[in-house]
Amino acid sequence: MNSKRKAFQIFSDDIFLVSYPKSGSTWVRFLIGNYLSGNKYDFTNSHLIIPDVHYNPEQIGNLEKPRFIKSHYSFVPEYKRVIYIVRDVRDVAVSYFFHARKYSLIDKEMRFRDFVLSVFGQDKIDTLLPWGNHVNSYLENHENDLLLVRYEDLIDDTYRELARILDFSGLPLQQDKVASAVESSSFSKMQRMEQNQIEQFEQLVNSDHSIKFIRQGRVGVWQEWFDSELLQYIFKMHGDTLEKLGYIRFDYNALSEFSALKLKLVELQQINEELEVKILGEIGKKKQFKVSLNRLRKLVKHLRKQRYNLREELNARNEKLKILALQDLIC
Numbered sequence: 001m002n003s004k005r006k007a008f009q010i011f012s013d014d015i016f017l018v019s020y021p022k023s024g025s026t027w028v029r030f031l032i033g034n035y036l037s038g039n040k041y042d043f044t045n046s047h048l049i050i051p052d053v054h055y056n057p058e059q060i061g062n063l064e065k066p067r068f069i070k071s072h073y074s075f076v077p078e079y080k081r082v083i084y085i086v087r088d089v090r091d092v093a094v095s096y097f098f099h100a101r102k103y104s105l106i107d108k109e110m111r112f113r114d115f116v117l118s119v120f121g122q123d124k125i126d127t128l129l130p131w132g133n134h135v136n137s138y139l140e141n142h143e144n145d146l147l148l149v150r151y152e153d154l155i156d157d158t159y160r161e162l163a164r165i166l167d168f169s170g171l172p173l174q175q176d177k178v179a180s181a182v183e184s185s186s187f188s189k190m191q192r193m194e195q196n197q198i199e200q201f202e203q204l205v206n207s208d209h210s211i212k213f214i215r216q217g218r219v220g221v222w223q224e225w226f227d228s229e230l231l232q233y234i235f236k237m238h239g240d241t242l243e244k245l246g247y248i249r250f251d252y253n254a255l256s257e258f259s260a261l262k263l264k265l266v267e268l269q270q271i272n273e274e275l276e277v278k279i280l281g282e283i284g285k286k287k288q289f290k291v292s293l294n295r296l297r298k299l300v301k302h303l304r305k306q307r308y309n310l311r312e313e314l315n316a317r318n319e320k321l322k323i324l325a326l327q328d329l330i331c
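Going by our numbering, the sequence shown runs without a break in its numbering and finishes at 331.
Hints were generated in silico from the structure; no laboratory data involved.
Any given hint could turn out to be false.
Unchecked claim - DMTMM-like cross-link-like pairs, simulated, lysine to aspartate or glutamate; straight-line CA separation at most 25 Å:
1) Lys-177 <-> Asp-167
2) Lys-301 <-> Glu-312
3) Lys-244 <-> Glu-224
4) Lys-301 <-> Glu-267
5) Lys-177 <-> Glu-152
6) Lys-108 <-> Glu-224
7) Lys-65 <-> Asp-167
Unchecked claim - What follows is a set of in silico ranges between Cβ atoms, one per label pair, in the way DEER data are often shown:
8) Glu-199 <-> Leu-139: 36 to 44 Å
9) Asn-56 <-> Ser-118: 28 to 36 Å
10) Glu-199 <-> Glu-143: 39 to 47 Å
11) Ser-188 <-> Lys-244: 30 to 38 Å
Just so it is clear, CB atoms sit at the ideal spot from N, CA and C, and this is done for glycine as well.
All chains, full assembly: derive it from the sequences and hints.
Quick look at the structure:
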């Protein structure tokens, strides 16, 4: 443990809100904080209600039990009760890109593609494990009490997910308070609060105010940013974890068909090359067989046109299958 982890004593009934950065922990803190405080949770008192081990561990000792504590650390054995918030890594990457720009962690001119390929998840802007390793560090350790909360499920039914969190935490469930906390923690209200308290919250003061801390919170925004190359990179890095969490589904039959068609394309390209050799051979023998040059030219033109059309068709099918495999069949 580093010095910040040693700055407070951990008790077995402490509840840690853990996530990879930009996965929705701020929203969950607002939901729980508003429930606990009667909708008085905001940016200026967040450290007093649900402190962050990375910024204000000194406040943790002042909390009443059960204590809710935010952390981005990968698996910590001492965290006996964990609410792990997970979000599709593709949306995480987009959110982290804007976060990195807001806090000048990357050059403002850096493109999203370069951020994903050379910075994101590679210890360049944080000291965390890559997303998949971070998630699995908790999912694969079954000794501790763990509640998995998907960001997308929070978007789908915030009331239900907050009720799950409260039940896991052993807090009494008061339906009117849950509904009120959900309403008070809407994105529009958090955005207005950010704007009003921007000079009072240390983490907001020293940042680019043109980039919002509370952004859109949309699910699937990655589709506006990722091309097939970036998708392949993410699937290579985190595909197993994405599938485990239900974010993608590999259709192995479709992928087998895709592979078979790729082999067929190679086979047809070989046939085309053989046709070229044959045509050239016919041209070379034109005197021996007294084949007219015009006829050979027409034959060459016809075969080349057929080959061109065939390649265009195969390339189109190949591209279509590639897109389907990456975006529709792996969804």
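Hints and how they fare:
1. A C-alpha spacing of about 14 Å is found between Lys-177 and Asp-167, which places the hinted pair at or below 25 Å, so the restraint holds.
2. Taking the CA atoms of Lys-301 and Glu-312, the gap is about 16 Å. The hint holds against a cut of 25 Å.
3. Proposed proximity of Lys-244 and Glu-224 is supported: the alpha carbons are some 24 Å apart, at most 25 Å.
4. Using a Cα cut-off of 25 Å, the hinted pair Lys-301 and Glu-267 holds, with the two alpha carbons roughly 22 Å apart.
5. At most 25 Å may separate the alpha-carbon atoms for a hinted pair to count; Lys-177 and Glu-152 meet this at roughly 22 Å.
6. Between Lys-108 and Glu-224, the direct Cα distance comes to roughly 19 Å. Compliance with the 25 Å bound is thereby established for this hinted pair.
7. Between Lys-65 and Asp-167 the CA atoms are separated by roughly 15 Å; this keeps the pair inside 25 Å, and the hint holds.
8. Between Glu-199 and Leu-139 the beta carbon distance is about 40 Å. The supplied range of 36 to 44 Å therefore holds.
9. With their beta carbons about 32 Å apart, Asn-56 and Ser-118 fall inside the hinted range of 28 to 36 Å.
10. Taking the beta carbon of each, Glu-199 and Glu-143 are about 44 Å apart, inside 39 to 47 Å as hinted.
11. Between Ser-188 and Lys-244 the CB atoms are about 33 Å apart, so this pair conforms to the stated range of 30 to 38 Å.
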